[in-house]
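2 protein chains.
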Amino acid sequence: MRIPRHIGVIPDGNRRWAQKHNLNKEEGYTYGLGPGLELFKLCQKEGVEELTFYGFTMDNTKRPAVQTKAFSKTCVEAVKMISREDASILVVGNTETPMFPKELIPYTKERKKCGTGGLKVNFLINYGWHWDLSNLNQNESRSKKGIISSLKSQNVSRINLIIRWGERRRLSGFLPAQSVYSDFYVVDSYWPDFKKEDFYDALRWYAKQDVTLGG
Amino acid sequence: MRIPRHIGVIPDGNRRWAQKHNLNKEEGYTYGLGPGLELFKLCQKEGVEELTFYGFTMDNTKRPAVQTKAFSKTCVEAVKMISREDASILVVGNTETPMFPKELIPYTKERKKCGTGGLKVNFLINYGWHWDLSNLNQNESRSKKGIISSLKSQNVSRINLIIRWGERRRLSGFLPAQSVYSDFYVVDSYWPDFKKEDFYDALRWYAKQDVTLGG
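Those protein sequences? They're chains L and Z, same order as listed.
Quick note, the numbering used here runs 107 ahead of the 1-based positions in the first sequence.
Quick note, the numbering used here runs 107 ahead of the 1-based positions in the second sequence.
Honestly, the hints are just simulated from the structure, not real lab data.
Honestly, I wouldn't trust all of these hints.
Just so you know, same-sequence chains aren't split out, so a pair can sit in one copy or run between any two.
Stated by the list, open to error - Here are the simulated EDC-like pairs of lysine to aspartate or glutamate, each with C-alpha atoms no more than 16 Å apart in a straight line:
hint, residue 1, residue 2
1, K152, E192
2, K176, D166
3, K220, D193
4, K227, E153
5, K303, E153
6, K315, E274
Okay, chain L solo, but in the shape it has when bound:
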């Protein structure tokens, strides 16, 4: 089976899941940690080379404080959780606003080898598509390579497959430059209800897609 080199994950639906289970909205995020670890291990097993999780965006931080605290805390826990595995971690996001969790600063400078390294895992934390593009330099960026190399997210490679949980069919600002040719697969169930089969369904669907890159 043709395996995507780089998978992007939009783990949406945590708040809706919480409501469905009679919890407060902000209580949903923590139920996404287990699925994150399981998906990471499946990617390792199948030989995926790079995995990017959509943590939270600068737009998301306009939500009520009880929610922003909860998703920020969960993102910090997610990075720590993966740092105990064999992985090579990079956190990409705007470190210059107060919403960026200080504990994650060490992961933003350069990719950090954890355990024996291996699978590259990127977390977008306090990310904004406009922030990502705000570094482009008119004089150097006429080519695709020029654009990519002047992004804030320049160390995140082109994405082959994006999987979004939670039914919505939109990118919500997820890495606009690296996503231009990504195949986009939507799982209807909420992220905390992640099942191994969601991942394999997405892989089987991806394997059937052709790759043209516009040619």
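Mind docking chain Z on chain L? Use the hints.
The following block gives chain Z in isolation, referenced to the frame of chain L:
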């Protein structure tokens, strides 16, 4: 029903349609003209304010000459066809390479009122996502508005709904900045097989989506 203000259209599958009908690949494009006019009229009827057609990209021009000539000719005919209607037309694309059809230059300077004007129709012709972003200025573009206003496609507004015909689930470089929060609807059938019901199915689906913009 909640009607999208701005609809983006990716009219894909012309070549596959041609092959299915025992025609040469390049013969498929012309069968997309009728659907384009029909879709335009449905948008008029339903009060859509802006409609953007994905014509062809700079990447597409690397295809065999017999195909590039055919799709370029069809795009010119499409613009002429809509110019005989009540519409306000803008062509957005890189006019500096030989592949840009000279006849369309007058539509690139400013939006051109045809008939009594009305529905804004944009055609992306010899467009490239990297070309679109190549004008960003590091000093002015820190905000979303700053980014949008320094795009080459700055006169194309944010897109609410993207409809892609031809089964593929990817944006293929379609207006990365204006598409960040677009809802993305895919029709499995090929563009020349366009049916009125495809449009209404997409509208009904769109009406059920919520609009959060990350908040």
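Tested hints:
no., hint, in the structure
1, K152 / E192, "within (13 Å within a copy, 57 Å between copies)"
2, K176 / D166, "within (14 Å within a copy, 44 Å between copies)"
3, K220 / D193, "within (8 Å within a copy, 60 Å between copies)"
4, K227 / E153, "within (14 Å within a copy, 47 Å between copies)"
5, K303 / E153, "within (12 Å within a copy, 42 Å between copies)"
6, K315 / E274, "between (21 Å within a copy, 12 Å between copies)"
The structure meets every hint from the earlier list without exception.
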